[in-house]
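Peer 1: Each protein sequence line maps, in turn, to chains A and B.
Quick note: the first sequence, position 82, residue 82 per the numbering used here, numbers continuous.
Quick note: the second sequence, position 134, residue 134 per the numbering used here, numbers continuous.
Don't take every hint at face value.
Label pairs and their in silico Cβ distance ranges [to be verified]:
hint: 1; chain 1: B; residue 1: 47; chain 2: A; residue 2: 39; range: 39 to 47 Å
hint: 2; chain 1: B; residue 1: 75; chain 2: A; residue 2: 45; range: 26 to 34 Å
hint: 3; chain 1: B; residue 1: 32; chain 2: A; residue 2: 7; range: 23 to 31 Å
hint: 4; chain 1: A; residue 1: 75; chain 2: B; residue 2: 15; range: 22 to 30 Å
hint: 5; chain 1: A; residue 1: 13; chain 2: B; residue 2: 75; range: 22 to 30 Å
hint: 6; chain 1: A; residue 1: 18; chain 2: B; residue 2: 68; range: 34 to 42 Å
hint: 7; chain 1: A; residue 1: 86; chain 2: B; residue 2: 101; range: 32 to 40 Å
hint: 8; chain 1: B; residue 1: 17; chain 2: A; residue 2: 72; range: 17 to 25 Å
hint: 9; chain 1: B; residue 1: 21; chain 2: A; residue 2: 17; range: 45 to 53 Å
hint: 10; chain 1: B; residue 1: 116; chain 2: A; residue 2: 45; range: 42 to 50 Å
Note that these hints are calculated values from the structure, not bench results.
Just so it is clear, the structure is predicted and the values come from calculations on it, not from any experiment.
For each residue, glycine too, the CB sits at the ideal point set by N, CA and C.
Each chain is listed here by its residues.
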Amino acid sequence: MPDTAIQIKDLFQELKTEWKVKSRYMSNTAQIATVWEYQQIIGMGRPALPLILKELEQETDHWFWALEAISGDDPVPPDHVGDVEKMAKTWIEWGKQKGII
Amino acid sequence: MDARSFPRLTKDNHRITSPRDVGDNCIAWAAEVTDRWWEPGKFWPVVVSRHENGIGALEEAFKSLGYVECPDGVHEIGFVKVAIYGSALEYTHAARQSPNGEWTSKLGKMNDIAHDTPDDVAGGIYGEVVEFMKRPAKSTSAH
């Protein structure tokens, strides 16, 4: 596993790119979340949180499973569940409140 | 569309009908919802665990919307049909029949397409059609 912040960022970018290609036609969230590269990102643990949240700011995508798995939190209120844009905004705000981004 | 994911799609049997949209998925689209991503245990029409990703979970979802199992995807006037796709025991996709008899699919996080038959999007990433379901079409006439 990488040691430095730069190595972690590079690895994240590599895994993210591959995951986006592999998951683009998937609709089953469990399948999306069990793509090997996504599992690798979850395995990076808390150092991946700012990278995921920054990525979420750039482009909305299904990072919620990973965010929940790594943080053990779920800040999305019930009326926003399923609304991908609102879920993304909620998580980004959560990251700011926690000082992660 | 890459041939590995969709080996049966040809330029003559489908057309893209929407831009890319990560906000809804094929299940929502088949259920005629365009502003939510449907996911068991999160946003789903029946109460299930988020770990229920089997074909049965999708079947129960469509049953809750008034669909019943039917033998095939042959066009029937007055009915809406959906095709459920699976790979192993997991659901992978759902397509809906349009009133004109052609089929419409939301391809994951990507585009909506119209396609001639349910089989056109099978054989690759979605596996095969495992079940057809139908419900009476909603009346569009004023009462």
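Peer 1: Determine for every hint whether it applies to the structure shown.
Peer 2: Cross-check of the supplied hints:
no.: 1; hint: B:47 - A:39: 39 to 47 Å; in the structure: violated (27 Å)
no.: 2; hint: B:75 - A:45: 26 to 34 Å; in the structure: violated (52 Å)
no.: 3; hint: B:32 - A:7: 23 to 31 Å; in the structure: violated (46 Å)
no.: 4; hint: A:75 - B:15: 22 to 30 Å; in the structure: violated (40 Å)
no.: 5; hint: A:13 - B:75: 22 to 30 Å; in the structure: violated (47 Å)
no.: 6; hint: A:18 - B:68: 34 to 42 Å; in the structure: holds (41 Å)
no.: 7; hint: A:86 - B:101: 32 to 40 Å; in the structure: holds (36 Å)
no.: 8; hint: B:17 - A:72: 17 to 25 Å; in the structure: violated (40 Å)
no.: 9; hint: B:21 - A:17: 45 to 53 Å; in the structure: violated (20 Å)
no.: 10; hint: B:116 - A:45: 42 to 50 Å; in the structure: holds (47 Å)
The earlier numbered hints that this structure contradicts are 1, 2, 3, 4, 5, 8 and 9.
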